[in-house]
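*Asks:* Heads up: the protein sequence lines correspond to chains A and B, in order.
The first sequence begins at 0 in numbering that gives the first Met the number 0 and counts up one residue at a time.
The second sequence begins at 0 in numbering that gives the first Met the number 0 and counts up one residue at a time.
It should be emphasised that the hints constitute simulated quantities derived from the structure, not laboratory data.
One should not assume that every hint holds.
Mimicking SDA-like on lysine to any residue, the simulated pairs with C-alpha atoms at most 25 Å apart in a straight line are [said to hold, decoys possible]:
no.	chain 1	residue 1	chain 2	residue 2
1	A	K69	B	R171
2	B	K208	A	R128
3	B	K208	A	E97
4	A	K143	B	K208
5	A	K101	A	S31
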Amino acid sequence: MEKGALVTFEVTLAGIVGALTVGTVGASMRTSNSTLARGLATAFAEFFRNTPPLVHIYFAVFALPLVGIKFPAVVCATIALILYQGAISIEILRAGLEAVPKGQYEAASALGLSPLAQFRDIIAPQAFRISLPALGNNLISLLKNTSLISAIGTFEITGMAQDVIAIRLSSAELYLTIGAFYLASVFALSTILRITEHRLARYAA
Amino acid sequence: MTYQSALVELLTRGLEITLYVSVVAMLIAVSGGVLLGVLRAVRNPLIDAVVIAYVEVLRGIPLLVLMFFVFFGLPQLGIRLNESVAAIVALGLWGAANGTEIVRGAIFSISQGQTEAGTALGLNWLQVMSTIILPQALRRMLPPFMSLFTSIVESSSLAALIGVKDLLETARIRFENDASLWFPLLLTVLIIYFFINYPISLASQRLEKRLT
Numbered sequence: 000m001e002k003g004a005l006v007t008f009e010v011t012l013a014g015i016v017g018a019l020t021v022g023t024v025g026a027s028m029r030t031s032n033s034t035l036a037r038g039l040a041t042a043f044a045e046f047f048r049n050t051p052p053l054v055h056i057y058f059a060v061f062a063l064p065l066v067g068i069k070f071p072a073v074v075c076a077t078i079a080l081i082l083y084q085g086a087i088s089i090e091i092l093r094a095g096l097e098a099v100p101k102g103q104y105e106a107a108s109a110l111g112l113s114p115l116a117q118f119r120d121i122i123a124p125q126a127f128r129i130s131l132p133a134l135g136n137n138l139i140s141l142l143k144n145t146s147l148i149s150a151i152g153t154f155e156i157t158g159m160a161q162d163v164i165a166i167r168l169s170s171a172e173l174y175l176t177i178g179a180f181y182l183a184s185v186f187a188l189s190t191i192l193r194i195t196e197h198r199l200a201r202y203a204a
Numbered sequence: 000m001t002y003q004s005a006l007v008e009l010l011t012r013g014l015e016i017t018l019y020v021s022v023v024a025m026l027i028a029v030s031g032g033v034l035l036g037v038l039r040a041v042r043n044p045l046i047d048a049v050v051i052a053y054v055e056v057l058r059g060i061p062l063l064v065l066m067f068f069v070f071f072g073l074p075q076l077g078i079r080l081n082e083s084v085a086a087i088v089a090l091g092l093w094g095a096a097n098g099t100e101i102v103r104g105a106i107f108s109i110s111q112g113q114t115e116a117g118t119a120l121g122l123n124w125l126q127v128m129s130t131i132i133l134p135q136a137l138r139r140m141l142p143p144f145m146s147l148f149t150s151i152v153e154s155s156s157l158a159a160l161i162g163v164k165d166l167l168e169t170a171r172i173r174f175e176n177d178a179s180l181w182f183p184l185l186l187t188v189l190i191i192y193f194f195i196n197y198p199i200s201l202a203s204q205r206l207e208k209r210l211t
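Sequences and hints are given; from them, build the entire structure.
*Replies:* Right under this line is the structure:
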């Protein structure tokens, strides 16, 4: 069980980093001036967030080894989850970027900052603050979706329970335990997110 | 040839079961959500505590764990449900918890003045709720409910893991017997889900833009 909990946390952590990266890159493409970049990011986001993550996981576990990427199944599944949760992050961050007042863009360029500095120092921090509540929900959904990885039989905590059930058949208690474990983790994560939101709110105009 | 026969099975049996499970779960989500959301508007501390606990627990655990609990765990307590009923129960309970938050949010977003005006006209609480608040709240509930529907369609694929022969499970059984079929079948399944969800999600975005 402890081993399963550990895998859940590892996958969640990797997933958060991955989904935020996909989200940031995708949202910058979604709001860029290049039609090609916009089209690619839109197609990616719309396709992945409108199809079930469980099917992405099936796909990744079968497909990645065939194109020569020989990762353990749990890594393939994590990549699939990153794509799904990342697609949702793209939409959230895009909305955040669009919600930054136009005057901020104008002020940033009036200061003579390079385009990268404008984005990194002026626009992105504000967009991030605006997006945080929705982004937080997406990260919580990611934490819960790590349970899907058990579908391919790994050591993630739900999967461990299935192995134990096969031996002991005391499933009701086990699923209650797993449920309590997730409930506690979700509570911890949402507390961290709420504190971050409060901290950042101080910088709001 | 084998792909064609698998495709026919996907588009008939598989799609039918996915839609059946999803639509029944949506109905439970809407009716449960409206019931519990309106109950929250009564502002009774005891009712609030019970509804909040229900919503927080169901939204705090993964749907898959809930589904496994209903299918594998409940028989131990003497409640035995077949695969598709267990999937519908789990999806419906989960959807109702999300629906409650949608309805509650929409009701509380209607200005307090509306309730006061209704009361001043001599209407009782139930009349104010059903003729003044809910009709206005309904417009605000529509986009989030539509996006909940796409989540329900996506999540109905979890039913495959307890053996419901939906789109995904039908495809899996087929490519388990013929490994060469995994790519076309999984791709087909993805595309079918996309064609169910994309129109709903587009409509939801359009509606949201029009309402703001």
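*Asks:* Confirm or reject each hint.
*Replies:* Checked hints:
In summary, the hint linking K69/A to R171/B is supported, as the alpha carbons are separated by about 22 Å, within the 25 Å threshold. This hinted pair checks out: K208/B and R128/A have alpha carbons roughly 22 Å apart, not beyond 25 Å. Among the hinted pairs, K208/B with E97/A is consistent with the structure: their alpha-carbon atoms are about 14 Å apart, no more than 25 Å. For the hint linking K143/A to K208/B, the alpha-carbon distance of about 30 Å lies beyond 25 Å, and the restraint is violated.
Of the pairs offered as hints, the one joining K101/A and S31/A holds, with about 15 Å between alpha carbons and a cut-off of 25 Å not exceeded.
Hint check: a violation occurs at hint 4 only; the rest are consistent with the structure.
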